[in-house]
Amino acid sequence: MTPTPKAGALDVGFSLQLGTLNVQAAVTSEPGETIAIVGPNGAGKSTVLRSIAGLVGIDAGHIRMDGTPFDEPTTSTWVHPENRPVSVVFQDHRLFPHLSAQDNVAFALRANGLGRKAARAEALTLLEQARLTSAHASRRPSELSGGQAQRVALARAFATGADALLLDEPLAAIDKASQVELRRVIGELTSTVLLVTHNPLDARLLADSIVVMEDGAVAQSGAADDVSNAPSGAWAAQFLGQNLIEGTADGTSVTALNGFEFTTATTDAGPVVVNFAPSAITLSSELPGGSARNAWATSVTRLVAEADRVRVQLGDPVPCWATVTAGSVDRLGLEVGSPVTASLKATELRVAPR
Amino acid sequence: MTAPRIPSRRPPVEVLVLGGLGLGLAGLPMLGLLIDVPWSRITSVVQSTIVTDALRVSAVVSIAAMVVVVVLGTPLAWIISQMQDRARRVVRAIVLLPMVLPPVVGGTALLATLGRQSLLGGWLHAAFGITLPFTTAGAVIAASFVSMPFFVVTVEAAIRQSDADFAEAAATLGAGQRRVFSQITLPLIAPAIGAGAALAWARALGEFGATITFNGSLGGRTQTLPLATYESIASGAQDEALVLSFVLLSISLVVLLTLRDRWITR
Chain C
1 MTPTPKAGAL
11 DVGFSLQLGT
21 LNVQAAVTSE
31 PGETIAIVGP
41 NGAGKSTVLR
51 SIAGLVGIDA
61 GHIRMDGTPF
71 DEPTTSTWVH
81 PENRPVSVVF
91 QDHRLFPHLS
101 AQDNVAFALR
111 ANGLGRKAAR
121 AEALTLLEQA
131 RLTSAHASRR
141 PSELSGGQAQ
151 RVALARAFAT
161 GADALLLDEP
171 LAAIDKASQV
181 ELRRVIGELT
191 STVLLVTHNP
201 LDARLLADSI
211 VVMEDGAVAQ
221 SGAADDVSNA
231 PSGAWAAQFL
241 GQNLIEGTAD
251 GTSVTALNGF
261 EFTTATTDAG
271 PVVVNFAPSA
281 ITLSSELPGG
291 SARNAWATSV
301 TRLVAEADRV
311 RVQLGDPVPC
321 WATVTAGSVD
331 RLGLEVGSPV
341 TASLKATELR
351 VAPR
Chain R
1 MTAPRIPSRR
11 PPVEVLVLGG
21 LGLGLAGLPM
31 LGLLIDVPWS
41 RITSVVQSTI
51 VTDALRVSAV
61 VSIAAMVVVV
71 VLGTPLAWII
81 SQMQDRARRV
91 VRAIVLLPMV
101 LPPVVGGTAL
111 LATLGRQSLL
121 GGWLHAAFGI
131 TLPFTTAGAV
141 IAASFVSMPF
151 FVVTVEAAIR
161 QSDADFAEAA
171 ATLGAGQRRV
181 FSQITLPLIA
191 PAIGAGAALA
201 WARALGEFGA
211 TITFNGSLGG
221 RTQTLPLATY
231 ESIASGAQDE
241 ALVLSFVLLS
251 ISLVVLLTLR
261 DRWITR
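If you read the sequences in order, they're chains C and R. The first sequence: position 148 = 148 (this note's numbering), numbered continuously. The second sequence: position 198 = 198 (this note's numbering), numbered continuously.
Do not rely on the hints blindly, as some may be mistaken.
[To be verified] From the structure, some residues in chain C lie toward chain R, with a derived Cβ separation under 8 Å:
hint, residue
1, 19
2, 57
3, 79
4, 81
5, 82
6, 87
7, 90
8, 96
9, 107
10, 160
Calculated directly from the structure, the hints in this document are not laboratory data. By construction, the Cβ of each residue, glycine as well, lies at the ideal position given by its N, Cα and C atoms.
Throw the hints in and build the complete structure from the sequences for me.
The following block contains the structure:
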């Protein structure tokens, strides 16, 4: 059992003019919650993290954690970054180039009051938790791979004992295999986590709630499932509207967690996520022939009419969304509770390790 | 497929002539000096009192000035790098002024500020019995005055280039300003501190105008290598002047070679 954290409740609501971009942010978190901040480039996602960390000041509003204000222009409150119980993992990891991996982590421990010897010993333990060996510990950042460096950076940020970890695209610059590994390490964090990401997979697999930012403002926010099921706006729909189903791959088949078996066009092994677009699903009244090898009988649980199409939510055995034309809905007589057959070509499935 | 080798082109003739003259202006005097150095008598000249005294005074003054410049200049460079734009321009202008100021003006200014008759100098003498003009300590001050800007300009640029991202990261990890500066910024700018110190030391070693104005040219106390060289020329001891110049030229070459990665190779 992981203990429930008591600290790390963020309360952020501010506006900030940054060049031509006006950032208006609103983010709140429960202690221990993982929040994904998603949005297109230049939407102000990193600015939210930087303002919480104290690397940039806000123009109006407030940044508070557990009731303590960090930055509040109306009361002239400002807490220096080193005195805020938050720490940051940057996309470019920013490991100190003149220090070994171990000393990078020890730096954070010493800055928070630990003695030299104790800090170096504790640093080794933390690196182990980030799945790094003592051989990695003695290396300089330039001698580590991108994925290893990012794990050191995560261990270093974690070492501060911060109540909130701010991760700025930590998985963006590293290879696929390292992403899987690092995603697991992030998933094990018990503190509050704010994760800026471009990857729908990260948002869906790691986040309890999702904040969508566009043009400096929050376009949508809420529980991860709610936002994923009903993304508003074109960008969010494309980003979050994909169907993701977790399972285990064995050759060209993937068994979902609930036992449903997909046939895939690629060969994989181990824990994976199956990813397919809602538009890839064909709905019909009977089992189709042809090359659609994945077909199943299900029922409609929800219908959402949009401008030029209808989003259809399907129930077990494969909970997912399909998009069809209004004509198809009429032709098939779809309404909530209707039985229907869904099919999906194997080539429409993308399989990624998780 | 490899691209065809592009033959290098000869610049126009007038460019060659003028550029060649420029190179000659830099190189020929060095050659002339080397030719005229009385090589046969060099050991005996180097061992003469005026030369050994000047070597000792120069070593003491230039090294002491370098230490002063590093100890005061590093914090100063850090402060300047952290300042807001407008204040930074003002402070930087003050610090850089001695770089373009005629050294004799610097010497006069030092005399006006620290001379026995001046307010500050008079008080130092009355309260502590400290006299700076015409002393080795005064020569150190004059040399520090003229060489500090070379150091500060080098180190400040290095801080502003390398510092920001890592210092930010260190602060988010809970490190206060002192820890960030001593454990992150300082190690990262160590090469620039070395280069700036070498530059300042070379400038201090060659210092002439401010020193002679503020401290005169007292053998064994304030007479550095450049001052001794000038005295030798003025008193007709050409061989001495040539040997002293040769010593200074050799030191300058060593400094240049030391700094070649920063200035020449790139």
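- Among the hints numbered above, which are violated by the structure, and what are their numbers in rising order? Going through the list in order, the structure violates hints 1, 2 and 3 and respects the others.
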